[in-house]
Amino acid sequence: MSSPYATLPEFDYVRPTSLDEALKILDEHGENAKVLAGGVGLVTFMLERLVSPKIVVDIKRIPELRRIEYTEGKGLILGSAARISEITRYMDSNPEVKDKYKALYEALSRIADLQIRNRATIGGNICEALPFMDSYAPLALFDARLKIASVSREREASIIDFVKGPGFLDLAPNELLVSVELPEPPPGSKSGFSKIVPAIEYSVASVALLLANPVDPSSREVRIAVSAATPTPVRVREAEKVFSEDGDIVELLDKALDKMASAIKDSLIEDPYASAEYRLEMLKIQAYTLFKRLLDSFLEEELG
Amino acid sequence: MKVKFRVNGVEREVDVEPYELLADVLREKLGLKALKKGCWRGECGLCTILMDGEPVKSCIILAVEAEGSEIYTVEGFSDDGRPSPLQEAFIRNAGLQCGFCTPGFIVVGEYLARKPRITRGEVKAALSGTICRCTGYKQIVDAVIEAHKAYSGENE
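As they're listed, the protein sequences go chains U and C. Residue numbers for the first sequence follow the numbering used here, so the first one is 802 and each next one is one higher. Residue numbers for the second sequence follow the numbering used here, so the first one is 2 and each next one is one higher.
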């Protein structure tokens, strides 16, 4: 990864203090502007000369973009410039929020390392648009709504629609990701996140899974989201549907994992770090293990 | 652009270009040469500083982003040239060989050792963003645990 560049290319720097001001700057400069939040992506990309903006727009001092708020019944709102460590700390001090969005917590608290989590932001993680970004599977799992704004309009997108492919987002140069809203998960649900990180430091297969009312087929809900093994995040609805059937839950799980395999087998990434076959096997093993872990904790609660 | 911040307890104002990195400004303009750049890409952790109380990697932060912040580098922890309890613990435990990574480890270590409670596992996880290629990590973890006891007034 090393390049001969020790210094950054030249650019202008602006530090808007309101969302309106930031949107006006982006509208005026378009392709020449790049948004700076934590910088762990943008600054390294600039060092590698992958991007050379004329103007860097630092959005960290816009209070609206730093929001971290949970409201009962409405869910969790994260401003795009909220730092990863601020979000996990908020969840640590609000254990009921951590329990509701456990898969997100488990993903965020294992991003990179301590120093990076102190700078990196949720919006930066989303907008880096590489398949292994750790926020993707949990955001797909919780049906997160991404709020995007420009001077002329506001709109919403799911993470699945927003991430178009490696390096590509559904985001115009004059638009800004403002916040991420996670609605309330199903009452009493439990969730978790798991990833496989070989020596390259990035996950090659990530799974987020949610389970609610495991013993009652009429109200049971299972959600499965995968990322890192596929170019963009996927909600595996074909597998989720299996759990509305009657039958032994462990047998349903086997059937669901087969459905998951057939749903994504043609879109798996095959590269020198991990084969498609390995990635699929790791997705299945992790989904199985997560499911069993969540199921066991339901059973433990039931038995007291 | 003028940027104002406090470094090791002293108010500083520096003239910087918007594209200058904080690590370079601290080293070259403020003379804090204990701070090292190892990978230049936010990976090795040798350039770690405390910024508003949190460890961050200064080689991927623009100097202008530091406006108004409170910064500590390794120089800020010794007392008039006398090593801090953590630095003493590094010496006692042989937590260094070549020493190039030590400024990064001391900064993260001071942050960890001053927490109210830490476990060995937490120290190991928290040090994973800082890389040493000669000592190995056991002695470094030992030094942090030992300093934590000193800072929290606990005697073994």
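Please keep in mind that the hints were generated in silico from the structure rather than gathered at the bench. Beta carbons: idealized from backbone N, C-alpha and C, even for Gly. Certain hints may be false.
Stated by the list, open to error - Among chain C residues calculated to face chain U with C-beta under 8 Å, some are: (1) Y20; (2) L22; (3) A35; (4) G39; (5) W41; (6) K58; (7) I61; (8) I62; (9) L63; (10) V65; (11) I119; (12) G122; (13) E123; (14) A127; (15) Q140; (16) D143.
To be verified - Computed far set for chain C versus chain U, every beta-carbon distance over 10 Å: (17) P19; (18) R42; (19) T49; (20) D81; (21) C99; (22) V109; (23) S129; (24) G130; (25) T131; (26) E147.
Unchecked claim - So the derived label-pair ranges between C-beta atoms look like this: (27) C/D16 to U/E985: 47 to 55 Å; (28) C/E123 to U/V998: 18 to 26 Å; (29) U/N895 to C/G54: 42 to 50 Å; (30) C/I119 to U/D1059: 38 to 46 Å; (31) U/N895 to C/E123: 14 to 22 Å; (32) U/P988 to C/G10: 34 to 42 Å; (33) U/E849 to C/E123: 31 to 39 Å; (34) C/F101 to U/E957: 42 to 50 Å; (35) C/E71 to U/Y1074: 35 to 43 Å.
**OP:** Examine each Cβ of chain U, and state whether all of them lie more than 10 Å from the Cβ of C/E147.
**Re:** Per Cβ check, C/E147 is outside 10 Å of chain U; nearest 20 Å; holds.
Original post:
Holds or violated: is the Cβ of C/A127 closer than 8 Å to a Cβ in chain U?
Top reply: This interface hint holds because 5 Å falls under the 8 Å limit.
Subject >> CB-CB spacing for C/G54 and U/N895 relative to the 42 to 50 Å hint >> reply: 21 Å Cβ-Cβ, so the 42 to 50 Å window is violated.
Original post:
Quick one, is the C/D143 hint okay against chain U at 8 Å, beta carbons?
Top reply: Interface hint status for C/D143: violated (19 Å vs cutoff 8 Å).
Original post:
Do the beta carbons of U/E849 and C/E123 sit within 31 to 39 Å of each other?
Top reply: holds (33 Å)
**OP:** Evaluate the given range 14 to 22 Å for the C-beta pair formed by U/N895 and C/E123.
**Re:** holds (21 Å)
**OP:** Verify that the Cβ of C/S129 lies farther than 10 Å from every Cβ atom of chain U, and report whether the claim holds or is violated.
**Re:** Non-interface label fails for C/S129: nearest chain U Cβ at 5 Å, not farther than 10 Å.
**OP:** So, C/I119 near chain U? Judge it on the closest CB pair being under 8 Å.
**Re:** Interface hint status for C/I119: violated (12 Å vs cutoff 8 Å).
Subject >> 10 Å Cβ clearance of C/R42 from chain U >> reply: violated (5 Å)
Subject >> Consistency of the no-contact label for C/P19, given chain U and a CB cut of 10 Å >> reply: Violated: least Cβ distance 3 Å, not greater than 10 Å.
Original post:
Does the no-contact call for C/V109 survive, Cβ to all of chain U over 10 Å?
Top reply: Given that some Cβ of chain U is not farther than 10 Å from that of C/V109, nearest at about 7 Å, it is violated.
Original post:
Is the gap between the beta carbons of C/E71 and U/Y1074 within 35 to 43 Å?
Top reply: The hinted range 35 to 43 Å holds for C/E71 and U/Y1074, with Cβ atoms some 40 Å apart.
Hint compliance for this structure: hints 3, 4, 11, 12, 13, 15, 16, 17, 18, 19, 22, 23, 24, 25, 29 and 32 are broken, all remaining hints hold.
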